[in-house]
Structure formats: C-alpha cells, structure tokens
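Protein chains: 2
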Amino acid sequence: MSKWGFQIIHRSKKSRARVGRIDTPHGHIDTPNFVAVGTNGTLKALDNRTVDEIGLQLMFCNTYHLLLQPGVDTVKRAGGLHKYINRTQPIITDSGGFQVFSLAYGSVADELKSRGAKKHDGHVLKISEDGVLFRSYRDGSKVLLTPESSIQAQKALGADIIIPFDELPPYHIGSEQLKKSLERTHRWEKRSLDEHLKNRQGQAMYAVVHGGVDPELRKHSCNYLSNLPFDGYAVGGSLGKTKPEMVEMLKALYPQLPEDKPNHLLGIGDLESLEMCIPLGVDTFDSSYPTRAARHGMLLTKEGPLKISRLAHANHFGPIEHDCECSTCRQFSLAYLHHLFKANELTAYALATIHNLHFMVDLMRRVRERILLE
Amino acid sequence: MSKWGFQIIHRSKKSRARVGRIDTPHGHIDTPNFVAVGTNGTLKALDNRTVDEIGLQLMFCNTYHLLLQPGVDTVKRAGGLHKYINRTQPIITDSGGFQVFSLAYGSVADELKSRGAKKHDGHVLKISEDGVLFRSYRDGSKVLLTPESSIQAQKALGADIIIPFDELPPYHIGSEQLKKSLERTHRWEKRSLDEHLKNRQGQAMYAVVHGGVDPELRKHSCNYLSNLPFDGYAVGGSLGKTKPEMVEMLKALYPQLPEDKPNHLLGIGDLESLEMCIPLGVDTFDSSYPTRAARHGMLLTKEGPLKISRLAHANHFGPIEHDCECSTCRQFSLAYLHHLFKANELTAYALATIHNLHFMVDLMRRVRERILLE
Numbered sequence: 001m002s003k004w005g006f007q008i009i010h011r012s013k014k015s016r017a018r019v020g021r022i023d024t025p026h027g028h029i030d031t032p033n034f035v036a037v038g039t040n041g042t043l044k045a046l047d048n049r050t051v052d053e054i055g056l057q058l059m060f061c062n063t064y065h066l067l068l069q070p071g072v073d074t075v076k077r078a079g080g081l082h083k084y085i086n087r088t089q090p091i092i093t094d095s096g097g098f099q100v101f102s103l104a105y106g107s108v109a110d111e112l113k114s115r116g117a118k119k120h121d122g123h124v125l126k127i128s129e130d131g132v133l134f135r136s137y138r139d140g141s142k143v144l145l146t147p148e149s150s151i152q153a154q155k156a157l158g159a160d161i162i163i164p165f166d167e168l169p170p171y172h173i174g175s176e177q178l179k180k181s182l183e184r185t186h187r188w189e190k191r192s193l194d195e196h197l198k199n200r201q202g203q204a205m206y207a208v209v210h211g212g213v214d215p216e217l218r219k220h221s222c223n224y225l226s227n228l229p230f231d232g233y234a235v236g237g238s239l240g241k242t243k244p245e246m247v248e249m250l251k252a253l254y255p256q257l258p259e260d261k262p263n264h265l266l267g268i269g270d271l272e273s274l275e276m277c278i279p280l281g282v283d284t285f286d287s288s289y290p291t292r293a294a295r296h297g298m299l300l301t302k303e304g305p306l307k308i309s310r311l312a313h314a315n316h317f318g319p320i321e322h323d324c325e326c327s328t329c330r331q332f333s334l335a336y337l338h339h340l341f342k343a344n345e346l347t348a349y350a351l352a353t354i355h356n357l358h359f360m361v362d363l364m365r366r367v368r369e370r371i372l373l374e
Numbered sequence: 001m002s003k004w005g006f007q008i009i010h011r012s013k014k015s016r017a018r019v020g021r022i023d024t025p026h027g028h029i030d031t032p033n034f035v036a037v038g039t040n041g042t043l044k045a046l047d048n049r050t051v052d053e054i055g056l057q058l059m060f061c062n063t064y065h066l067l068l069q070p071g072v073d074t075v076k077r078a079g080g081l082h083k084y085i086n087r088t089q090p091i092i093t094d095s096g097g098f099q100v101f102s103l104a105y106g107s108v109a110d111e112l113k114s115r116g117a118k119k120h121d122g123h124v125l126k127i128s129e130d131g132v133l134f135r136s137y138r139d140g141s142k143v144l145l146t147p148e149s150s151i152q153a154q155k156a157l158g159a160d161i162i163i164p165f166d167e168l169p170p171y172h173i174g175s176e177q178l179k180k181s182l183e184r185t186h187r188w189e190k191r192s193l194d195e196h197l198k199n200r201q202g203q204a205m206y207a208v209v210h211g212g213v214d215p216e217l218r219k220h221s222c223n224y225l226s227n228l229p230f231d232g233y234a235v236g237g238s239l240g241k242t243k244p245e246m247v248e249m250l251k252a253l254y255p256q257l258p259e260d261k262p263n264h265l266l267g268i269g270d271l272e273s274l275e276m277c278i279p280l281g282v283d284t285f286d287s288s289y290p291t292r293a294a295r296h297g298m299l300l301t302k303e304g305p306l307k308i309s310r311l312a313h314a315n316h317f318g319p320i321e322h323d324c325e326c327s328t329c330r331q332f333s334l335a336y337l338h339h340l341f342k343a344n345e346l347t348a349y350a351l352a353t354i355h356n357l358h359f360m361v362d363l364m365r366r367v368r369e370r371i372l373l374e
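If you read the sequences in order, they're chains A and B.
Using the numbering used here, the first residue of the first sequence is number 1, and each one after it goes up by one.
Using the numbering used here, the first residue of the second sequence is number 1, and each one after it goes up by one.
One chain only, chain A, in its complex shape (with noise of 0.2 Å):
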C-alpha cells in the first residue's frame, strides 16, 4: 500500500496552472484532473469495472447518502468501500454537510448534487453546536451529523481522501451572519481534523474554505485553515452568482492557499469553469456535470456538446467523434445512439456516460501535457 503524498512536475509560466501527482493508498492521481461524482457508490448507468477501464483516477461518493443507504456498517462488514463497490483505484468523500444543509435551506436545494434523482423527504430537526440533527428520507429516522460522527462514517468507509465536516449557509446571507457561519465551519472542521487525527488510518483530509463571496472572509478562511495540517484544500461554499464572479473570487483566493498542497474545487466541472479555472491553479474538480449531461443526450466532444435527439443524427453512421477511442465510439454508431435516446432505452445512458466519462478522462490527460509545454 503506498502512502499519502503529493509533488508538482511542473509549473507553467504563462499562469498559474500546475501539473502535479497525488499519492494515495489505492494509486495516484495526476493532476489536474476531474473527479467524477458516484453519489452512491457507483457512477449512474455504469459499473465500477467499467469506470475502471475509461481510467477515471478519482470518485467521489457522498457520505451523507452512503450513510442512509446501505449504511456505514454494511459498508464496513463489507471492508470498506473500496471492497464493497469493487473500487480498486482512489477514492473522496464528503461530509453529509453539503447535503444536509440543503434540506435545510430550500433556495439551496436546486444545487444539491443529487436532485431529481430521489425524492426528499427528510428534513433537518435541529442545527446547533455540536452538529445537526435530521430525518431520514429513507426510513423517517433520526440522525444526528456533528463533526465526529461525519469522520468515523468517513472512517468506516475508508475513502482516500475525506473532508471535515462544515456548514453550508444558504446564499441570501448577511454578512454577520455569514461570518458567524464561517466562524462555527472553522470550528467544525477544527473538531475533524482532531477526530481524524486519532487515527489516520492511511486517510489524507482536505480543508474547505469558505466565507462565500467576501473577499475578505476568504482570506480569513485559507489563513485560519492554512495553520492547521489539513492535506489538501477544497473550496467550497457560494462561489458567486456568475462565472466571471467565481473566477474573480478564485483569482484572490487561490494564491493563499499553501502551494506545496492539493486543492480541489468542490461541485464545479463544465468544460468552460474548467477552462477558466485550471489557469488558476486548480488541481481537481468534481462535478456531476458529465454524466449527467449524457443521460440526458449531451455528448461531449472536442467541437462542443452535441445534442443526440437531432435528427440529423439518425442516419449519421459513424461514431461520435472519429479519433475518439472510448468503447462506445468504437463500437457503435451515432445513429444507433440517436434511436436508442429517441426509444427510451436504458442502454443508451450506459454507452452516451462511457463516451462522456472518457471524454473527461482524455480531456484532462490533454490539459496536461498542454501545460508541460508552458
């Protein structure tokens, strides 16, 4: 089992985009990279084998829903997640935060990652202190998410990479309000990292920094997180209204987070925010952006989405792009996707989520030896 750890390669002079490595116990990740979202321990429509093959080098899974359905015992009798989903290559969870506090706040609810994909009917009973307190949408059972029980969950399932538990607070915010939100955020994650420091157990923790759209507070964020041994640094929180917002706020922040560390850039992962940000310094994204798109017939190809229900696809018989080597431009057609979108058939989700997983994946490898010529 190798250890935790991460170099830069390169750096380019043109911005400050950087190629680097990050070690973990189930392999390495290169960078940058995207990270794509298997909310419940499985990309949608296709099986970790599959995954496996296309070369994604990181998944995330969501602890708060893993943490309802099937629960971290099973996960755990099961020896972790890795064994349980049949994973052998890294693997990131979140907190519960994200997700639990989207229950909470309704105006954030459309940002929750894994919308229209299950009803929720839980909602949250008590936020205090020590942690928050909310029903299960699975069962109506009560379950109480504070600091500790988020990283012995994230202990249990044994990712490569967790996060410390935080507050998200909802966007329409005063700024007392927000700095109090941060201020309570900084000390659950300090309870993390304390709880996570018990026992590592091979698990590198990344930070993440919030203060919303304040430049102000995000300073104060990356300074207060930057004093503690986190191993990483994800950004989370509101991250502004537009794209130019967002790439203004991550220009300011991204030069006070330490540079010999991993950060990674929480929930963003369309091309163009990818585009923008990777100058930035950004190492890894997630987003469910991709696969999602697929399901819904937005095929990614190197000219720009394109659209499978059109109909001037269904008598095109070659693949979705000719120099693409993913298993489904190798094997089928465009115009046999067109029909199986336009027949409702399940397979079609499978073979469009391939193209645009490896799409990604072949994206990403290409963005980085454009850097290591910069």
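A few of these clues could be false.
Which residues of chain A face chain B? A partial, calculated answer using Cβ under 7 Å [unchecked claim]:
no.	residue
1	Arg21
2	Asp23
3	Pro70
4	Thr74
5	Ala314
6	Asn315
7	Phe317
8	Gln331
9	Tyr336
10	His339
11	Ala343
12	Leu346
Over 10 Å on every C-beta distance to chain A, these chain B residues come out as not near it, computed from the model [as the list claims (entries may be wrong)]:
no.	residue
13	Lys3
14	Asp47
15	Ile85
16	Gln201
17	Glu345
Taking lysine to aspartate or glutamate and the EDC-like style, the derived pairs with C-alpha atoms no more than 20 Å apart in a straight line are [stated by the list, open to error]:
no.	chain 1	residue 1	chain 2	residue 2
18	A	Lys83	B	Glu321
19	A	Lys342	B	Asp139
20	B	Lys342	A	Asp139
21	B	Lys342	A	Asp73
22	A	Lys342	B	Asp73
In short, the hints are calculated from the structure, not lab data.
All C-beta atoms, glycine included, are put in the ideal place defined by N, C-alpha and C.
Starting from the known structure of chain A, arrange chain B on it as the hints suggest.
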C-alpha cells in the same frame, strides 16, 4: 457466410426432447435454446457487445417497433440490422402482426411484449383483407402493414429468421370467427411466403401455427402450413389460460409439425414453462421474462428466483451464486446489488440483466447436456 441449415443431433429416449443445431448466415444456434427479446435492437440495459460476450445465440427484434423508430430505411442504409446494432450473431424478427393487433384488441394489450416501456397512443384505423392500416404512436403518421410490406421491412432489416404476417385474434372470440381469422392468417402467411421467395436473401422463414385453443383448428393449421416450403415452424396465438392447458395443447400439436424442421414457441420463456415444454420437442423460446425480471430485482438462481430487495441480502458479501461465472457474480456482491436497487441506480438493472441472461444461456446449455444423456 454460412448457409441456412438444421440438423437434429440427438433425440431423447424419455420424451420428444431433442438436441439440434440451426445454421444461419450469422452463426449457429444450439437447440433447445432461449431467445432474448431486444425489441428496439437492444436488450434493455445492455449493449450488444456485452450480450455477445454472455453468449446469447439468438436475439429477437420487433419489426413493428423498428418500423416506427428508427424506420427500415435507416437500418437499410446502415447495412442491415446486424451492422446497425453491432450484433455479430443471429437475429430473428417478427412480422409486426402481434403488436398491431394488440393495438386493435385492448384485451390482448397486456400481452404486448413491451408494455410499460412506452405510451401506445397509436391505434388501428382499418383491418381488411389487404392488411392493417394504423396510426404511428411516434409521429401520428398512417402506416399500412400488409404481408408484403411486413416481409419487405424484414428484408430490409435482414434478420436471419423472419416471420410471416399473421392476424392475432382476440382471446374472447367465437369459434366461427376464430376459423375465419385462421383462414385469413393462412392467406396472409402464403402471401408472405411468396413475397419472401422472390428473394430469399439468405433468410429463413418460420410459419406461425394458429388456431387458438381449438385442437381441430390447430391441426388444420399444422396441415396447411406443413405443405408450404417454410424453413421452420413457430407456434403463436392463444395458448390457453393456464400452463396445464398450454401443455395439453402443445402435446397434441407438436407431433403434427414437420419433425425435420426447427420450431419456435412464441412469447414463452418462464422457467416453469421451459421445463414443461422442452420434453414436448420445443427447439427455441423467446421471452422478455428474464430481462424484465432482472429490472424488477428478481434474480434467477438454481434454487429459484431471488428477490434482491429482501433485507436479508443487505449484508451478504458473496456473489448471487457461488458457482456462477457471469461478470456480475465474478465482480460484485449480493449486498452491493441490493444497495444499488435500494438506491434506484441504473447500474443495478445492467448488472442484474447480465446475471439473468447468463443464467438462461447456461441453463439451456445444461438442458442440452441433460438431453444428450437421455
């Protein structure tokens, strides 16, 4: 390209069961065998390369569905159904009669193979000696299906085995009307055969024996169709209300079929029926039961069907069956499958379908081995 042929390799001494081999331009089919249903040119939730790997020797596609989406012109331009869907092994198509008459007679609607998969708002406009005029549920256009147009469509699709256009009478029909329907079916099958013989195109055509539950009409149908140069004989129409009724009818019918030609039992494929019908001499069966059962979380095992949602499976970390060599059993646990079903993950449907299809392929191999020893 090998040619059409059928040979009986062994006859059981205990029953009318037989082991045979059908040769087609796209490879051979060992009989008795199970034929999986891929209505729209795909088995639900699987791609055709996976189906090939599992070893399914014959796949059933529905002309009615393919006629409406993507349309036979598209399939023809692609170079035929095999190329379009990327299947290398044999395919059988039906005539479209079953589905179009299911639209006309509501009472048979729930026999419709793809029920639940889509909304059928199309309807039959006119039934005449010429054929059936109906409205496409896809785009509202009028479509005329006749013996000739059905065969032309099946020529364009290019399956290895094709089926003449027949009338499917409603279950509750008077004996006089059933007789009239049978005579029309015979005239339509003759017209279908004539159309087929204009250009065999390497395809084989199986007649469809009708006559409902009336033994005399079934006998008459066998006699009439046996005297025409069909390559094989399928049994269609109403087979009775119960399994014993079906077995009684088939017991009388099968000795009247030409023994040196392959036969097919339409739309039957549950395990109990299979056990009861193979000793009567059935060569092939088609049914969407195993693939549909998979999507409903019913996994086939040698000890009977296993309901994946049962709580007892949540912590069973072995495979569905220890001696199963399917890729699902080799790679994933029953506990993980249980979880994927509980979480409504699409991945669950694919993994369960792989297992059930493999089970059927393997079951039929064992059945043939057993008959060879009888």
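**Request:** Would you list, in rising numerical order, the hints stated earlier that this structure does not obey?
**Result:** 1, 2, 14, 15 and 17
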